[in-house]
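Residue numbers (this note's numbering), protein chains in the order written: chain A, 1 to 290; chain B, 291 to 595; chain C, 596 to 830.
Be aware that one or more of the hints could be misleading.
Said to hold, decoys possible - In silico DMTMM-like links for lysine to aspartate or glutamate, alpha-carbon gap of 25 Å or less: (1) A:Lys82 <-> C:Asp661; (2) A:Lys96 <-> B:Asp318; (3) C:Lys667 <-> A:Asp122; (4) A:Lys181 <-> B:Glu521; (5) A:Lys181 <-> C:Asp819; (6) A:Lys165 <-> A:Asp61; (7) C:Lys662 <-> C:Glu700; (8) A:Lys98 <-> B:Asp318; (9) A:Lys181 <-> C:Asp824; (10) C:Lys662 <-> C:Asp724; (11) A:Lys98 <-> B:Asp433.
Stated by the list, open to error - Ranges of calculated distance between the beta carbons of each label pair, as one might list FRET restraints: (12) A:Gly121 <-> B:Asn593: 18 to 24 Å; (13) C:Lys770 <-> B:Asp472: 40 to 46 Å; (14) B:Asn593 <-> C:Gly607: 51 to 57 Å; (15) B:Asp472 <-> A:Thr127: 52 to 58 Å; (16) B:Pro421 <-> A:Tyr144: 32 to 38 Å; (17) B:Ile415 <-> A:Gly59: 56 to 62 Å.
Since the hints were made in silico from the structure, they are not lab data. Even for Gly, the Cβ is constructed at its ideal location relative to N, Cα and C.
Chain by chain, the residues run as shown.
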Amino acid sequence: MIALVAQTFVNGINVGALYGLAAVGLSLTFGVMKILNIGHGEFLMVGGYVAFWMLRLAGIDPFIGLPIVAVVLFLFGAVSYKLFFSTLSGFHEEQKIKNSLLIGFGLFLVFPQIARLLWTGDERAITPFYSGGSFPILGIRFGYVPLAGVLVAVIVILALHLFLKKTYFGKSVRGTSENWKAAKLMGINVNRTYMITFGIGTAIAGVAGILVGLTQSLSPGVGMEWTLKALIVVVLAGIGSVGGAFFAGLILGVLEAVGAIFMGPYAVALGLVIFLVILMFRPQGLFGKA
Amino acid sequence: MSNTKRFTISGIIVVILLLIPVVVSRTDLMTWLTFTLLYIALSQSWNLIGGYAGQQNLGHAAFFGIGALLVRTLWLYGTPLPLALVAGALAAMIFALIIGFPAFRLKGVYFIIGTLVLAEILKIIFDTILPHASVLPSKLLNDYSLTPRYYLSLVIALLAVGLVYGISRSKLGLGLMSIREDEDAAEAAGVDTLKYKLTAFLISTGLAGLAGGVYAYFAAAVLPGHMFAAEWTFDAVIIVFVGGVGTIIGPIIGSIFFVLLQQLLNLFLPAGTHVLVFGILFIFVVLYLPGGLVGLIHKLKKNAS
Amino acid sequence: MLEVENIDVYHGQIQALWQVSLKIADGELVALVGANGAGKSTIVESISGLLPLAGGSIGFNGVRLDKAPAHKIVEQGVCLIPEERGLFPGLSVLENLELGAFLPESRKVRAETLPFVFDLFPVLESRKDQKAGTMSGGEQQMLAIARALMSKPKLLMCDEPSLGLAPIVVKSIFKVIKQINQAGVSVLLVEQNVKAALSLAKRAYIIENGHVTGEGEAQSLLNDEKVKDAYLGTG
């Protein structure tokens, strides 16, 4: 019995780390420029596919190819920002948020179709030679790949945290998110800062996509599912809490894993219900500022 | 264009539409028309809450689905269709009332996301409890005729257009538009924003439920989960925006264009390509052409004169 | 140094400035005075690139400012301390100062500028890890000025530095501004507190309803009957 609970917990952490990683990019983008990109999951999907094809066509291990995916998705995100979102920065806040939602929605419509045309609707999984392997500790199974995934998530989020806290540019990102007018008056190129921040967000999403491809599967339609997961985590954690997003992700992962035991297929709805409840009664989330 | 002229032209179009089944017997054409009318009803219903009131409800599919599911179930068990339709619309509206109060407490973005999530929850629930397709029993399949489906679709479409047109010219419509432009200012000016939003929401979802009912009556076989599929929301949203959000003609033009594109593109290109095209148009409209096709036509007319 | 020529500026659809012109020479301390809503903030925001011009031009040492984006204008050496102080409330005092020196030129010398600024405002050094938003009004104003100095400005524009501050604090702020000017930085001081501004500045412009209605030596303006009536009060 204890073994079952412990295994469930471990499984939950594995998935939860992924949820956290998927959410961090979204939280960053929304916190800094008030753009709620519901196309976020699409970038995750693209990242996963890039890693898949790198392995399939060039034999590049997904973990080794991780930096490549990050760079590709960063550029892809920065260009997407320039094309689709930068026009919005002229609007005032309420309109900007609404329109950014619509644009994200548009991306959600368009990207899966393009993906389907390019790569067919087949489900893909990234399967390096070691996937499926695991080792036991005290009767609990720890899969190599999921464990590596947790490690990657922790490293990425830690790196982001250090970046924001310690580097000059990171500080300018934090400043810009608090007061963009003041940032401009200090000589900070706010538009470029937004573009780079957005790119960082999509790069992280792309990395999450690799992990999704490794531990679950990829298909053109997988984006919205992950956008919703990311949304739930962001709301659970509270806007603007990047570290909180990771922990909220873990919580969600564990809750779902435990829920699956009692609720079966409805467990997926659990997260969504939690989302709505939090939205109603504690909109600032668990870790956010009121 | 003067009002009398407008009404005359509309009247002529309606008469033509009424007579179509008499002259046309090709099923593909009839299906196409039925679907276009269905989309007109659906998109017009979203237009009311999303276009006129500015509350972009991304959970519209939930109400379409509730209407569809209830109508299908009741009708298959012998309830006369009109009664089933009323029940379907009412069910959708009751659900809207239940979630409307808490939903509208959410400001702007959160309302949009919240409704999206809600629809997702419903889809998951119905996907799980009703995983089997609902197929028409053989007697009904034998007697299946497109004509009554067409007329039903026409009636609901006319109802939707008429209702939204009437509201747009009423005090309610004015209130909604003021809420859309600046909710705080409207509130300060004495508009009971919650009441107006709820009213629009109820009418919008009632119409959506009716549209769902049309679909339920039309479909020979359908997966219950599909009735709640997010596509119904998304199609409505992109039709409204590309056509011209917050206008009467917009959703009509948008629907015609959408279904046409869907039928055409499905001939040579993989399914779903019409969504790609419309998606790109949608993004373009949001960024550069907020008036949609209607706005574009107006601009061209102005430039020509 | 700074030449604002016949600028027209709109807030949305509403015109805020009509044909406003002013000049500041190297090393001057010039005041911009007028009642609340007269358009003073609009002027400095336009110079800083936060608002576009509908007409006219703004030149700084030969460079056209009105065609440049805000962050480039700061690069030219024009620094605005806005009315709201323009701080990052969640960041520490030190981080705010560091971001003040964001531009490469100022970043290079920030090892010297920082102690200079701490000398001027010792209280900032003692609070350097405190979040800027938790400080008092006076301390925030000091921080705002300090971070402006971190960018090594050639022209410093202060929008209502005395706003919301106790008279004794205002006195010390003004003293610092005078010191900064004496160190060679040109200053454009925007103030509702006409008397204090005119005592500090050499020259001044009077703004009323978006128009420049008076200009001259601060001393003569102080003694001007119309100015006395309108701004210096009967009591």
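Status of each hint after checking the structure:
Restraint check: the Cα-Cα separation between Lys82 of chain A and Asp661 of chain C comes to about 24 Å, which is no more than 25 Å; the hinted pair holds. A threshold of 25 Å between alpha carbons decides the hint, and for Lys96 of chain A with Asp318 of chain B the separation of about 43 Å lies outside it, so the pair is violated. A C-alpha spacing of about 50 Å is found between Lys667 of chain C and Asp122 of chain A, which places the hinted pair above 25 Å, so the restraint is violated. The straight-line distance between the Cα atoms of Lys181 of chain A and Glu521 of chain B is roughly 40 Å, outside the 25 Å bound, and the hint therefore fails.
A hinted pair counts as satisfied when its Cα atoms are at most 25 Å apart, and Lys181 of chain A with Asp819 of chain C does not qualify at roughly 38 Å. Between the alpha carbons of Lys165 of chain A and Asp61 of chain A the distance comes to roughly 31 Å, so the proposed pair goes past 25 Å and is violated. A threshold of 25 Å between alpha carbons decides the hint, and for Lys662 of chain C with Glu700 of chain C the separation of about 22 Å falls inside it, so the pair holds. With a CA separation close to 39 Å, the supplied pair Lys98 of chain A and Asp318 of chain B exceeds the 25 Å bound.
The suggested pairing of Lys181 of chain A with Asp824 of chain C is violated, with an alpha-carbon distance near 36 Å, which exceeds 25 Å. A threshold of 25 Å between alpha carbons decides the hint, and for Lys662 of chain C with Asp724 of chain C the separation of about 38 Å lies outside it, so the pair is violated. Taking the CA atoms of Lys98 of chain A and Asp433 of chain B, the gap is about 48 Å. The hint is violated against a cut of 25 Å. Separation of Gly121 of chain A from Asn593 of chain B is about 43 Å and departs from the stated range, judged on CB atoms against 18 to 24 Å.
Taken as a hint, the range 40 to 46 Å holds for the pair Lys770 of chain C and Asp472 of chain B, whose Cβ atoms sit roughly 45 Å apart. For Asn593 of chain B and Gly607 of chain C, the hinted distance range of 51 to 57 Å is not satisfied, since their beta carbons lie about 26 Å from each other. In this structure the hint that Asp472 of chain B and Thr127 of chain A lie 52 to 58 Å apart at CB holds, the actual value being about 54 Å. Range check, Pro421 of chain B to Tyr144 of chain A: about 35 Å between beta-carbon atoms, so the 32 to 38 Å window is met.
The hinted range of 56 to 62 Å is not satisfied by Ile415 of chain B and Gly59 of chain A, whose Cβ atoms lie roughly 43 Å apart.
In summary, the structure is inconsistent with hints 2, 3, 4, 5, 6, 8, 9, 10, 11, 12, 14, 17 from the numbered list given earlier, while agreeing with the others.
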